[in-house]
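Here's the letter readout for the chains.
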Amino acid sequence: MADLEARLRAVEDRLAIIDLVSRYGPAVDSLDGQSLAELWAEDGAYAFDSVTLEGQEVAQLVDLPGHRAYVEAGCGHILTSPRVEIDGDSAVAVNHSMLVLRSGESWRVERLSANRWELERGHGGWRVRRRTNALLDGSRGVPRLFDRR
Amino acid sequence: MADLEARLRAVEDRLAIIDLVSRYGPAVDSLDGQSLAELWAEDGAYAFDSVTLEGQEVAQLVDLPGHRAYVEAGCGHILTSPRVEIDGDSAVAVNHSMLVLRSGESWRVERLSANRWELERGHGGWRVRRRTNALLDGSRGVPRLFDRR
Amino acid sequence: MADLEARLRAVEDRLAIIDLVSRYGPAVDSLDGQSLAELWAEDGAYAFDSVTLEGQEVAQLVDLPGHRAYVEAGCGHILTSPRVEIDGDSAVAVNHSMLVLRSGESWRVERLSANRWELERGHGGWRVRRRTNALLDGSRGVPRLFDRR
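Chains as they are written, first to last, in the working numbering: chain A, 173 to 321; chain B, 173 to 321; chain C, 173 to 321.
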């Protein structure tokens with residue numbers, strides 16, 4: 173029984189993290205700052221380009237003029253289902269993301285990035301401690317964000 | 173034991189819905205109307221653009237001239253792994269989809285959409301009651317299909 | 173108890189295969205031949221275009237000049253979460269993949285493919301026996317790689 177419960181817990185953890193990551197795209201594309209805030213730990217961070225949003229600032233991402241312009245033009249944040257590695261109450265997930273943006277009569281890939289999600293289990297379940305996003309534009313060499321723990 | 177079984181059932185439900193959504197792209201891209209039909213409830217519906225296919229019509233999607241032209245040109249229906257919210261015997265999944273179409277020597281994103289899948293559990297497992305697909309082309313404002321229940 | 177264990181095992185198998193497939197993109201995009209090798213059975217194969225890599229050759233994919241050029245330009249291997257069908261110690265997963273490549277100030281879809289992953293369970297868990305990748309460029313007719321078992 174104890175063994176079954178531990179195996180079930182491992183499965184639940186993995187699915188909870190896959191679910192957490194799946195919530196990012198719909199939240200930002202619908203300007204739902206509340207749902208976005210729920211993904212991060214209260215003192216969590218999101219680092220992309222030369223910006224690091226911390227704590228409450230993460231939810232304000234949906235109010236950035238650049239983000240609003242994307243949504244008005246027509247956009248989708250496409251994230252792949254992540255590779256997940258769990259170690260007790262912490263975990264690392266890595267995946268790809270694309271910002272796909274309306275351009276003329278079709279859409280173009282405006283951003284392509286590597287992502288590393290450092291996660292922690294708190295009282296409310298798994299949350300993002302820090303997400304780091306780096307463009308895959310060839311300027312940074314081999315992407316180290318995909319390294320295994 | 174009862175608690176373990178309930179937790180296991182929740183995990184099975186979530187995986188069954190993720191699996192259901194993963195079956196759409198391969199079915200339509202290989203013109204497999206039978207596999208497509210199995211995803212929907214018998215009286216289910218699929219609404220996109222100004223079209224609503226109902227019941228048996230859903231499987232006939234693969235016979236639409238526009239769809240045949242996509243497959244002949246070379247295409248892929250790319251769907252993201254969905255956000256899933258389950259409430260007893262009903263569930264809502266939301267995700268992004270792209271129709272990626274051969275164009276010259278590469279491919280372009282011909283459609284980018286928000287999707288809302290209203291699902292129900294029947295005797296044969298989870299099926300689609302209604303899927304709604306709306307282009308993310310900026311013409312409709314913030315996509316409400318991603319709203320939480 | 174035996175029933176619960178069997179159901180849990182089925183869930184674990186499904187998640188292990190989803191996880192296996194999620195590891196491909198990060199491995200090849202970070203030139204991590206070791207992680208790539210761990211996905212395949214020792215005598216496994218990867219067939220794409222007119223090439224078939226076998227056994228140790230699979231990991232050497234990251235050293236091919238064409239692959240290195242992609243990574244230097246900036247690229248991402250985007251894979252969808254697979255449809256999975258398990259039968260005892262063997263399984264078939266199918267999904268889409270895209271090679272998204274830096275081009276000017278944005279990225280373009282350089283390859284769009286159907287994939288069929290024939291998997292087997294060994295002592296170390298699920299591994300790839302054979303992956304077959306075929307371009308969805310309209311030149312091959314309806315993609316048979318998506319056929320169900």
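It should be emphasised that the hints constitute simulated quantities derived from the structure, not laboratory data.
Just so you know, these numbers come straight off a predicted model, no measurement behind them.
The beta-carbon is built from N, C-alpha and C at its ideal position, and this holds for glycine as well.
Just to be clear, a hint being listed does not mean it is correct.
[Unchecked claim] Stretch-level coverage of chain C by chain A, calculated; a stretch enters the list once three of its residues show a Cβ under 8 angstroms from a Cβ in chain A: (1) 184–197; (2) 207–221; (3) 225–236; (4) 272–278.
[Said to hold, decoys possible] Residues from chain A that keep clear of chain C, each with C-beta distances beyond 12 angstroms, as calculated: (5) D175; (6) E214; (7) A217; (8) H239; (9) R301.
Hint-by-hint comparison with the structure:
1. 184–197: Coverage by chain A holds for the segment 184–197 of chain C (7 residues, Cβ < 8 angstroms).
2. 207–221: It is violated: at least three residues are needed, and the segment 207–221 of chain C offers just 1 whose Cβ sits closer than 8 angstroms to chain A.
3. 225–236: With 0 residues close enough to chain A, the hint is violated.
4. 272–278: Our answer is that it holds, as 3 residues pass the Cβ test (under 8 angstroms) against chain A, meeting three.
5. D175: violated, 9 angstroms
6. E214: holds, 28 angstroms
7. A217: holds, 21 angstroms
8. H239: holds, 18 angstroms
9. R301: It holds; R301 of chain A is separated from chain C by about 19 angstroms at its closest Cβ, greater than 12 angstroms.
Violated hints for the displayed structure, listed by number in ascending order: 2, 3, 5.
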